[in-house]
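Peer 1: Listed below are the residues making up each chain.
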Amino acid sequence: MASTIRIRAVSSGDTTEVQALVQHPMDSGFVKDAQGNLIPPHYIQVVEFEHAGKAVFTAYWGPAVSKDPYIKFSFKGAQKGDDLTVSWVDNKGATDSLVGKIQ
Amino acid sequence: MRRAVSLALALFCLAAPPASAADTVNPKADFKAFRDYFTKRFPNVPLNDFVNGPYSMDAELRKQWVEIDAFPPYQFALDKGKQMFDTPFPNGKTYGDCFPNKGIGIRQNYPFFDAKSGEVITLDVALNQCRQANGEEPFDYTKDDMAALTAYMAYTSRGKLFDIKIPNDRRALAAYQKGEEYFYTRRGQLNFSCASCHVQSPGDHIRTEVLAPALGIVAALPIYRSEWGGMGTTSRRLITCNSQVRGVPLKPEDELYRDVEYYLSYMSNGLPISGPGARP
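Order-wise, the sequence lines are chains A and B. For the first sequence, counting from 1, position 40 maps to 39 in numbering that gives the first Met the number 0; every step adds exactly one. For the second sequence, counting from 1, position 243 maps to 242 in numbering that gives the first Met the number 0; every step adds exactly one.
Note that these hints are calculated values from the structure, not bench results. A virtual CB, placed ideally from N, CA and C, is assigned to each residue, including glycine. Honestly, I wouldn't trust all of these hints.
[Said to hold, decoys possible] Calculated cross-link-like contacts (lysine to aspartate or glutamate; reagent style EDC-like; alpha-carbon spacing at most 20 angstroms):
(1) A:K66 x B:E136
(2) B:K142 x A:D82
(3) B:K79 x B:E136
[What the hints assert, rightly or not] If you only want the chain A side, here are some residues facing chain B, beta carbon under 10 angstroms, derived:
(4) R5
(5) S10
(6) S11
(7) T14
(8) Q22
(9) G52
(10) K53
(11) D67
(12) Y69
(13) K71
(14) K75
[Stated by the list, open to error] Computed Cβ-Cβ distance ranges for the label pairs, DEER-style:
(15) A:D82 x B:P89: 37 to 43 angstroms
(16) A:A58 x B:S225: 37 to 43 angstroms
(17) B:E136 x A:V30: 27 to 33 angstroms
(18) A:L37 x B:L189: 31 to 37 angstroms
(19) B:H204 x A:F29: 25 to 31 angstroms
Next up, chain B with everything else stripped away, as it sits in the complex:
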C-alpha cells in the first residue's frame, strides 16, 4: 500500500510541468520566513520597534538616541524639504500634483511596480520624474535636495504601515527575485552580502557601530548619519554598504538597487514608517 502511494506520488511529480524561474518565487512564504526569523531571534523586541534599527538592539545607544531625537539633526533638512515641497514650479504646478493624495502620507506605498515601464519605481525616482515632467533638472539621488524632499514626504507618513504590493506580473516577480538575490549575494573584498550584516548579525558590533536588523531597515530612510555629517537617501545607504565591504557600488537608483529596496520594503510590510531617521 505504502509503496503504491509513493509510486503514485513519484508519477505525479514526473507529470508536473517543469517550473519556470518565476513560478518558484514565493514572496508570501519569504515574507513569513523573514519575519519569523527576526521575531524568534529577538523575542524581546516589539515588532514595531525594528524600524528603529540599531536602537532596537542596544539599550545604551537607545538612550542617546532618545535625547538626540528630542532635537533631531534632520530638522534642517525637514524644514527645507517642506519648503521645497510647497513651492510651485515655474509652471505653477507643485510636487503634490504628481502624487496621489497630493503627496502627503504616501511614503508607505513606495516603491511600487510600474506595469507600464516594467520597472520598480521608488519615491526618489518618482520625484525626479515629477521634476522632469515639469521641465526641471533631476536632482542628485544621494543627498541634499533629494534627501530633504524624501525626508519631508516620509515625515508626513510617519506611523503609516508599509503596504508594498507585488502584482501577479512575471516582471514584478522577477524584480523582486533580483532584489532578493542581490541582498543575499556575497561581494567585495570582504566577501559580505547585505544579509551577512543585517540578517546574520543584527545587534552585533562592527567597530563601534551596532548593526541594524534588515527587518524594517528601509522604514527610517532617508537618514541623517553622524558619520556622513548629513542626510542620505536609500541609494546613499546602499552605496555606502557596498563600499564598506570593499565592493563596487552601483549607480544611485540603479535598477538592482531599486529591486533591493522593493524586496526589503515588501519584507517590511505592516511596519510603520519612521523616517526621517537619525543614525550614528
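For reference, chain A alone in the conformation it holds in the complex:
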C-alpha cells in the first residue's frame, strides 16, 4: 500500500520550507451519499511534523478541512539531509506516518 503522505522539504540555508499532501477523505459527517444516507464523519484530528525528536509543527484539524489536505510551513534549525517525520491520526484511530529527507 502506497503511503497516504507526500512530503517535500527544501532547506535554503537558514530556514526549511516544508510542503506536504495527505490523502484522506476528510468527511465532515454532514454530507449525504447518493442514497440520501449521511456519510459518517471521518477526518484527521492531529498532524505532526517532527525533526530530531522535537515537534516543529502540530495542527489540530477538524471536519472543516478539505479532502486530500495540503500543508505548507517553514521552520528554522534543520540541516540538509536531516530526517523529517510526518504523522497523522484520524477520528477512527487510523494513522500513517512517513519519514522524508530535507533537500
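Starting from the known structure of chain A, fit chain B onto it as the hints suggest.
Peer 2: Leaving out everything else, chain B in the frame of chain A:
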C-alpha cells in the same frame, strides 16, 4: 468584356457538380481560422501557453497555480496510474502491450479515426478495449482508475505536440463535422454552446471561474479539479459542461463526445500535451 467573364464564371458555377456534405468540410481551413482567431484575440499569450487554460488568461490565477503545481494535487492519481500501468494482467500482458511504443509518450496521437470500426477512438476507449481484450472488466469512463491511467499516459507525453490526423475517409470527415457541429450548437436551459464560453468568452468570468480558451483545452486532460475534489477525464469534463448549461449530458465516451474530442484535438494540433492538469 467584364460581362463575358462574369457570365463565364456563372456558367462554370452552374456546371460544377453539387457538393455533397463531406465535400464542404475543410478541416485545414477550419484549423487556420480557429488558430488565427485565438492568436489575434490574445496576442500577448504565447501559443504554447494556451494549453494552460485559465492560467494563460489571468495573471493572479497563474500565481496560485505555479505554487500549486510545485506540489500538484494530481500526484496521488499519477502514482496510482503508473502502478496500474506497470502491473501485468493475470495473463501476463500489460497495458503497454496494447499500444505503440509500449504506451509511453503517445497521448498526442489520440483520438484517432479507426478505419475498421469507422469510429473515433479516444485514449480512454483504447484503454478499455485493451482491458477487455485481456479479459478484464472495463473501467468507468469518468474518474478514478480511468483518470489515473490516462493521467500517467499523458504525463509520459508531456511536451509532445498534438498530431491528430483526419484521413481522407468520408466517415472520418463526417465524425469531424459532427464534433464541430456539437461544439457550436446551443443547448440546455441557458442556451449555451461549448463555444459560447470557450470561443466567445475565454478569460471572462463565470461566477469565480475564469473560462479557458478552446484552443489547447484538451491538452491538459485529465485534470484534477478542486471543484470536484478529484480527478476527471475528458468525458467528465464534457458532462459537467453540459449540465452546467442545464442541458442533458450524453453518456461518457458517447460517439458525439468522441467526435467533439476529435474536433478539438485537431484544432490543437502542434500544441504540447500538458496533462495531467490542475484546475480550480
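Peer 1: Take the hints in turn and mark each one as holding or not.
Peer 2: Hints and how they fare:
no.: 1; hint: A:K66 x B:E136; verdict: 29 angstroms, violated
no.: 2; hint: B:K142 x A:D82; verdict: 36 angstroms, violated
no.: 3; hint: B:K79 x B:E136; verdict: 18 angstroms, holds
no.: 4; hint: R5; verdict: 6 angstroms, holds
no.: 5; hint: S10; verdict: 16 angstroms, violated
no.: 6; hint: S11; verdict: 14 angstroms, violated
no.: 7; hint: T14; verdict: 17 angstroms, violated
no.: 8; hint: Q22; verdict: 5 angstroms, holds
no.: 9; hint: G52; verdict: 26 angstroms, violated
no.: 10; hint: K53; verdict: 24 angstroms, violated
no.: 11; hint: D67; verdict: 7 angstroms, holds
no.: 12; hint: Y69; verdict: 7 angstroms, holds
no.: 13; hint: K71; verdict: 8 angstroms, holds
no.: 14; hint: K75; verdict: 21 angstroms, violated
no.: 15; hint: A:D82 x B:P89: 37 to 43 angstroms; verdict: 40 angstroms, holds
no.: 16; hint: A:A58 x B:S225: 37 to 43 angstroms; verdict: 20 angstroms, violated
no.: 17; hint: B:E136 x A:V30: 27 to 33 angstroms; verdict: 28 angstroms, holds
no.: 18; hint: A:L37 x B:L189: 31 to 37 angstroms; verdict: 32 angstroms, holds
no.: 19; hint: B:H204 x A:F29: 25 to 31 angstroms; verdict: 29 angstroms, holds
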